[in-house]
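Let chain G serve as the given structure and place chain R on it in line with the hints.
Those protein sequence lines, which keep their order, are chains G and R. Take 1 as the starting number for the first sequence in the numbering used here and just add one per residue. Take 1 as the starting number for the second sequence in the numbering used here and just add one per residue.
Calculated directly from the structure, the hints in this document are not laboratory data.
Each pair may be met inside one copy or between any two copies, as identical chains are not told apart.
As a list, the in silico DSS-like pairs of lysine-lysine whose alpha-carbon atoms are at most 30 Å apart:
hint, residue 1, residue 2
1, LYS136, LYS219
2, LYS403, LYS207
3, LYS155, LYS119
4, LYS361, LYS336
5, LYS211, LYS155
6, LYS295, LYS123
7, LYS136, LYS23
8, LYS243, LYS293
9, LYS243, LYS207
10, LYS354, LYS211
11, LYS243, LYS136
12, LYS289, LYS119
On a predicted model such as this, the values are computed, not experimentally measured, just so you know.
There are 2 protein chains.
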Amino acid sequence: MLSEHNFLALQEIVGAANISMSKADRICYSYDATQQQYLPDAVVHPASTDEIRRIMLLANREMIPVFPRGAGSGFSGGSLPVKGGIVLVTERLDRILEIDEQNLVATVEPGVVTEAFQKAVEKLGLFYPPDPASLKFSTLGGNVAECAGGPRCVKYGVTKDFIIGLEVVTPTGDVITTGGPTMKGVVGYDLTKLMCGSEGTLGVITKIIIKLLPLPEAKKTMLVMFDSIDGAAQAVSAIIRGKIIPTTLEFMDGRTIDCVRQATNLDLPPSARAVLIIEVDGDQEFLDKQCEKIKHIIQPLGVVEIRTATTPEESEALWQVRRSVSASLRKVNPDKFNEDICVPRSKVPEMIRKVDSIAEKYGVPIVNFGHAGDGNIHVNIMINRKIPGDLDKAKLAIEDVFKGALELGGTMSGEHGVGIAKAPYIPLEITPAAANYMKAIKKSLDPNNILNPGKIFLD
Amino acid sequence: MLSEHNFLALQEIVGAANISMSKADRICYSYDATQQQYLPDAVVHPASTDEIRRIMLLANREMIPVFPRGAGSGFSGGSLPVKGGIVLVTERLDRILEIDEQNLVATVEPGVVTEAFQKAVEKLGLFYPPDPASLKFSTLGGNVAECAGGPRCVKYGVTKDFIIGLEVVTPTGDVITTGGPTMKGVVGYDLTKLMCGSEGTLGVITKIIIKLLPLPEAKKTMLVMFDSIDGAAQAVSAIIRGKIIPTTLEFMDGRTIDCVRQATNLDLPPSARAVLIIEVDGDQEFLDKQCEKIKHIIQPLGVVEIRTATTPEESEALWQVRRSVSASLRKVNPDKFNEDICVPRSKVPEMIRKVDSIAEKYGVPIVNFGHAGDGNIHVNIMINRKIPGDLDKAKLAIEDVFKGALELGGTMSGEHGVGIAKAPYIPLEITPAAANYMKAIKKSLDPNNILNPGKIFLD
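Bound conformation, chain G alone (with noise of 0.2 Å):
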């Protein structure tokens, strides 16, 4: 527990409507997507950068851990206060400081919500494209720390590819700087993609700053359902073959098909056991002859039926089919084990295949849907956690499916990372060699190791 003179110290720093220990606040910020659930000692909202490298002087000093936390949106439990401590919200550094048109830059605080973020660049013509499922809630700094992804990465890379240069406060209170706003930069070590995805265990991320792209002129979307999940596979191989790059490749698989038809009334035929959604974006007179040819590519294939948007519109009642995936598998299974493996995109209809001999051989569904394009799918394992054996079961299965995705070359984690979630599995992808690389670069730069302990490595 957190002693007084801490508290009050705490208290100090960041002021006493922005600090609690009462038990409503600390189960609030007990959470996170995984819903497991550890309690804080307290939760403090600073307000500036200043406040944070107080709290991490403090914090460093007096061994006390600290866990990061954005929106909590995290899958694998990467903000989870797992032993004790502060959970320090960066919710109050929520502003955009600027956006430099001319370079195409922008300087953010970690707070800024992820769609808040893209729709004021947009109005500037300008593009931030990734885009995790999350992003009505996500913070920035979240997306940076786990390194988030979403469908339009297969065209344009995940959240570390946009993001140039940060302002952080490492575990003993130094406030230090990293990258910066140009284009190019080779002057000592890239702190800035060692910081991206190293899950808040390396320094807390107080300023962002982000390359932009120029708005595509338009897009176009299509929905493709095929009688097999091959053909779709076949689909996503050819077109890349085919020297295409979408904007994004998104795919679901007949068992998310049949629970997306039992939840809601969306119309999608019994002959259809997979649907692809393929974006293009880029000039329009482009983007026409784009899409035939993709259609040209595909037509062999097994599909069922194609349907093209060419409203903003249209393109929302088709991406509706897959925005429903999430909500309609909760109606139908009440648990579920969200990985998100990522194999390379041609062993996509391989690693389904693996799935599916492993839900035969536990006896437990698994619906697959996620970014064909980039190989990352979403294994979605239905349990029902009161049903005694299903979680053992699930576990088995997980356990099967990180194995899958490894002989293919894949990984175990293709956007959500470790968190405690995937930290078991650890010894399955990283060598000790490795894992001792890793945990030398955390030991040096976190010597109490006070900053989000617990995460990415058990030990």
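Okay, now just chain R, sitting in the frame of chain G:
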């Protein structure tokens, strides 16, 4: 000096034909493109990861400094054996191991020459954009170690943006893999990007996994002459503000044009005081439209002449103007310091004015050319080392140029790295706290400081 015992141990690892302590061989590997010279004790040419692993184990145990080297074409002394020891040459690891057309991913050894790789993937309709000026002889391993850039980076990004995985021998002799062949991956810290640009100080790169793009259908090149550098600089900003990101936006200032005119028979009218080479790539029809838009945008900005290439041969002729710069400068002035500062692109005109006043202050000619599109200016301080005082003036001018770039939110180096050339100036750009953070990482991974010591940081 290397003991006989250690020489024999190294010989046992690489074979007698692949180690040398002869004066001639040591001299051959004593310099790089900076023209500075440091004699190593021995030169070794390993042929495999395992040989490199055994070399590093030995070197770490016996405290022998190891200096990894690609083609020695670096501009910052990154590969110079500044503390004797071993030069570890990667040129025998020169195989392209795989070009995976399905997944747009290639795996290569570090000694593959950049251009050879580009040609190999282009034959398959694929594309590796980074194009450092040294690409005809520089190696991909060196490109990764220094995070090389080039003209096309304005649209496509730098070397780091294409590197998704590595095999690395650590300073203590472990073999680790980082990242992998998937487009996403967030398990553990991103050691891949940390290695990129770490100048061979954190590990010896033994395999490189590279993301490729489809080769653009066509490209179009324009050489535009302006009556002032301000006009050219405004054109760069105006094009980007017009939401067009060309493949290249290369510029040359008036003094550079004068040198080229003096040294070659290229036809450049006297009224041209700045040149931009603008290249766009993509769909053929779209290109014409983009070029028309660019012409419309730049026309009011003091355009003297526009030359447009429509065939590869014509394009090559236009590029000849840019490619002749280095040789022309050398013809006109015997010695030069080629710095490569980078500023936010809108600050290019202000930076050029600063450079002009620095040239005047010290009475040394300075010519500027480079990658205006990403604000990366090659500032060439022209001197004659034989003239007493010229070298001192150049050193003072360099420091002013660095300070000027930093005042504008820029960096001392966009492409070349720190090596030994910029190590004395590190405190201008990196705060002690950030430097300590970097040194802590180095120390944790290379406790005996045997891998490329003396680089980036002086202490």
